[in-house]
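One-letter residues, chain by chain:
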Amino acid sequence: MAYMTWFERRVIGRLQVRLGPNRVGIGGLLQPLADALKLFFKEDVRPARADRILFPLAPAISLFAALAAFAVIPFGPTTRIAGVEVPGGIANLQVGLLYLVGISSLGVYGLVLGGWSSGSKYSLIGGLRAAAQVVSYELILGLALVSVALVAGTLSLEGVVGGQANGLPYVILQPVAFLLYLVAAVAETNRAPFDLPEADTELVAGYHTEYGGMRFAMFFIAEYVNVITVSALAATMFFAGWSGPFLPGPHWLFIKMLAFLFLFVWLRATLPRLRYDQLMRLSWSVLLPLALINLLATAVVVAVTR
Amino acid sequence: MPTNYIGIGLFILVGMGFTGATFAAAALIRPSNPNPIKLEPYECGVPGVGDARDRFHIRYYVLAMLYLVFDLEVVFLYPWAVQYDKLGLFGLMEMLVFVAILLIGYFYAWKKGALDWV
Amino acid sequence: MAVLPEVVVTVLAMLLLLLDAVLPEHRKSGLTWLALLGFVVAGAFNLYQWGSPAQSAYGGMVGADNFTVFFNTLFLATAILVVLMAPAYLRERALPFGEFYSLLSFAVLGMMFTAASTDLISLFVSIELMVIAVYILAGLARREKRSNEASLKYFLLGAFASAILVYGMSWLYGITGQTNLAKIAGVLKATSLDNPLLLMTIALLAVGVGFKVALVPFHAWTPDAYEGAPTPATAFMSVGPKAAAFAALLRIFISAMGPAQPDYSLLFAILAVLTMTLANVVAIQQNNIKRMLAYSSIAHSGYILVGLAAAQPGAGSDQVAGIPALMFYLFVYTFMTLGAFAIVAYVQAGQVTGESFDDYRALGRRAPMTAIAMTLFMLSLTGVPPLAGFFGKAYLILAAVHSGMAWLAVAMAVNSAISAYYYLRVVVVMYMSDTTERVPLYRSPFIHSMLAVASLATFFVGVFADPFLRFAQGATLGF
Numbered sequence: 001m002a003y004m005t006w007f008e009r010r011v012i013g014r015l016q017v018r019l020g021p022n023r024v025g026i027g028g029l030l031q032p033l034a035d036a037l038k039l040f041f042k043e044d045v046r047p048a049r050a051d052r053i054l055f056p057l058a059p060a061i062s063l064f065a066a067l068a069a070f071a072v073i074p075f076g077p078t079t080r081i082a083g084v085e086v087p088g089g090i091a092n093l094q095v096g097l098l099y100l101v102g103i104s105s106l107g108v109y110g111l112v113l114g115g116w117s118s119g120s121k122y123s124l125i126g127g128l129r130a131a132a133q134v135v136s137y138e139l140i141l142g143l144a145l146v147s148v149a150l151v152a153g154t155l156s157l158e159g160v161v162g163g164q165a166n167g168l169p170y171v172i173l174q175p176v177a178f179l180l181y182l183v184a185a186v187a188e189t190n191r192a193p194f195d196l197p198e199a200d201t202e203l204v205a206g207y208h209t210e211y212g213g214m215r216f217a218m219f220f221i222a223e224y225v226n227v228i229t230v231s232a233l234a235a236t237m238f239f240a241g242w243s244g245p246f247l248p249g250p251h252w253l254f255i256k257m258l259a260f261l262f263l264f265v266w267l268r269a270t271l272p273r274l275r276y277d278q279l280m281r282l283s284w285s286v287l288l289p290l291a292l293i294n295l296l297a298t299a300v301v302v303a304v305t306r
Numbered sequence: 307m308p309t310n311y312i313g314i315g316l317f318i319l320v321g322m323g324f325t326g327a328t329f330a331a332a333a334l335i336r337p338s339n340p341n342p343i344k345l346e347p348y349e350c351g352v353p354g355v356g357d358a359r360d361r362f363h364i365r366y367y368v369l370a371m372l373y374l375v376f377d378l379e380v381v382f383l384y385p386w387a388v389q390y391d392k393l394g395l396f397g398l399m400e401m402l403v404f405v406a407i408l409l410i411g412y413f414y415a416w417k418k419g420a421l422d423w424v
Numbered sequence: 425m426a427v428l429p430e431v432v433v434t435v436l437a438m439l440l441l442l443l444d445a446v447l448p449e450h451r452k453s454g455l456t457w458l459a460l461l462g463f464v465v466a467g468a469f470n471l472y473q474w475g476s477p478a479q480s481a482y483g484g485m486v487g488a489d490n491f492t493v494f495f496n497t498l499f500l501a502t503a504i505l506v507v508l509m510a511p512a513y514l515r516e517r518a519l520p521f522g523e524f525y526s527l528l529s530f531a532v533l534g535m536m537f538t539a540a541s542t543d544l545i546s547l548f549v550s551i552e553l554m555v556i557a558v559y560i561l562a563g564l565a566r567r568e569k570r571s572n573e574a575s576l577k578y579f580l581l582g583a584f585a586s587a588i589l590v591y592g593m594s595w596l597y598g599i600t601g602q603t604n605l606a607k608i609a610g611v612l613k614a615t616s617l618d619n620p621l622l623l624m625t626i627a628l629l630a631v632g633v634g635f636k637v638a639l640v641p642f643h644a645w646t647p648d649a650y651e652g653a654p655t656p657a658t659a660f661m662s663v664g665p666k667a668a669a670f671a672a673l674l675r676i677f678i679s680a681m682g683p684a685q686p687d688y689s690l691l692f693a694i695l696a697v698l699t700m701t702l703a704n705v706v707a708i709q710q711n712n713i714k715r716m717l718a719y720s721s722i723a724h725s726g727y728i729l730v731g732l733a734a735a736q737p738g739a740g741s742d743q744v745a746g747i748p749a750l751m752f753y754l755f756v757y758t759f760m761t762l763g764a765f766a767i768v769a770y771v772q773a774g775q776v777t778g779e780s781f782d783d784y785r786a787l788g789r790r791a792p793m794t795a796i797a798m799t800l801f802m803l804s805l806t807g808v809p810p811l812a813g814f815f816g817k818a819y820l821i822l823a824a825v826h827s828g829m830a831w832l833a834v835a836m837a838v839n840s841a842i843s844a845y846y847y848l849r850v851v852v853v854m855y856m857s858d859t860t861e862r863v864p865l866y867r868s869p870f871i872h873s874m875l876a877v878a879s880l881a882t883f884f885v886g887v888f889a890d891p892f893l894r895f896a897q898g899a900t901l902g903f
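Chains as they are written, first to last, in our numbering: chain A, 1 to 306; chain B, 307 to 424; chain C, 425 to 903.
Extracted from the complex, chain A is given alone in its bound form:
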């Protein structure tokens, strides 16, 4: 998780024809540790106008929601050890997909409360933007995933992977849903080119302007955990998750996730930030109708073919 930062900085460095962090440890591998230590020792400023309870709580909510969402991603098939069924992940819920969407949407509380409780205008605007953006793209995410659930006929992530292991990966059956998911996922995690809530050129740092030290680190980690979760979910929902030839399940999932993580970093290095009205128009006037049409088309096709 922490190595995500190292990965990102190295890859971006390479993409921008520089080296990236390479001094601490071999190839900069100890850089994240050094960063974490630095943040540990930083003074934790709580502004005079900040809300006493919500201000420290917000980053914790963010991180907690990000971590809890990850719980339902299956790493491998369900196995039987000594007669007990052991799920191939932390948990295999019947409603895994719903759980994931639900829990990850709790994360927006962290952003908006953090923005509001700071008592700073930049933070407030950042928080509002974050809320509006996350909320708008959550619809797209939800609708894209419903189309997949319609094809799979289950909300259990195990079941979704199982359905793909015996047939085609859903990226082929649901290409539009995949693209929608990809765009929505980038927006959901507030990553470039949709990083308006923390747009540093206009909002200083958005909702975490007033945060420092470990509290800032919480927001930071939460963002990366979210990126990892949506990558894992993309791999699971559209690329058959852990299933694949030769290698054991977790390896496959890791490889597929890594491809998505690279994509996230690549996007950040390549694309300029959208304007806010473009962002909202893309979601409400383009992606939402597209997602609905895709869903209805899927429903009709499923009805005809089954």
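Hints are all accurate, no fakes.
To spell it out: a stretch of chain A is covered by chain B in this simulated footprint if at least three of its residues, at any positions, have a beta carbon under 8 Å from a beta carbon of chain B; those stretches are:
#1 48-62
#2 127-136
#3 150-161
#4 278-291
What the hints contain is simulated information worked out from the structure, not anything from laboratory work. The C-beta atom is built at its ideal place from N, Cα and C for all residues, glycine as well.
Given the structure of chain A, go ahead and fit chains B and C onto it with the hints provided.
Chains B and C alone, transformed into the frame defined by chain A:
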């Protein structure tokens, strides 16, 4: 399978524990010497003006309402999608009516400019 | 198709919404015709269902029986009359046509489903659909402070009342374990009724619905909301949601809680007396005609409630039973109140306010036909024979006497006498005072035909009361 929720519960506890422990550890070792200037809200070098908890634009509220409508729709769609095979043609028709009603509202909101962000 | 009228109104509401979004501004007044057509078609489908055996739809959530047909007739008649009175007022004040008709249709839809609900859940959802549309209708003149005030007050108190109502429903569910009204009645019949929880439930439900029909301790929002809302919306609010709330009251307290009638009869009798007395006394003080009519509408809620207090479940077809008297009075009340508000809208249309009694000076000379119609409505509201209002009150008084509550009948008669003071004041102002003012009255074929229909109904329902009473009696058979 309620046993699966034990795993989730444990994971959530670990998540909370990690968050709490990090905060606690940081609180023990970090310095703390606040002064009034440092505790001012951030502003690029000039004194800040006014309170941040001011009124903000109504379009955020409009957006929140639209979101609520459509998010509920999505939540209704999940069980429908899972049971789709059993519902058959009836399920398709009912959902078409449901989505059509929502689309009328969406179209109205669009035409009335609720989706314009400038 | 048990819900065909409702489907027609649904389609109408959405069609109006869509057309409002796409039509150019100057074509929107044409939506009046569409709204009229939609309501008339729904009304035809509705009357066609009269007398057919009771049906149910949506898994027992909604029923279609004579009770439903009766109330749907009432609601659709209200809607048609409001659509007829609205254009003149809306055009003068530059209020949006499409939204008004569309919200009206949604409110009517909520009302129709309220009367048709046979389950607590659908009942609550329908009531909410109705009132949320009406909150917006009250605030439709959004550039006017009073309209905003009306909408906000109505919304806040209404939301509060809804919370109490749904809390009461949850108690009812808790006691009986059922949400279906008929099943609740079955459970209540089988169990002991001296249950303190039941009294709590009755109290909560009475408060919740009491807010919606503006009974006296819960009436505070009414004058402000009625005064501030655009007059056609006020007319609608004073009739439609009130009748629907009474339908809900009947569904809850007769269909579901009929066996507990001895427990709540006295409560409603006391509420009725409080309501009519306070409202009539306060109405005398009013100089704004909309506020006067608002208090008058509260007073009439008190009269109508007498019917519920005097109800004797199981005696549905009795000539003077409480429920048919209540429903007959609602029918009468609809026409005379809508007529009175239509005249307020009519007198207002060409002016800035036009709401005070002074604006009615010498109306008898300036607009003789309008003044005659207004006189008719005022006399009927007072309860002067042979107009419809008289028979409505007479049946209610008879019902009260027959159920052994003579004191309630006396209170109602005394209150009618008090109310004569302020109703007749309007007539006096119209005929026995002079004015130099020469504001021309707005001319609109819609409002003229509306006034004609309302006056004829007020007159003929009185003179030929029998078929209408039998209509009301036939509709209670569902209980």
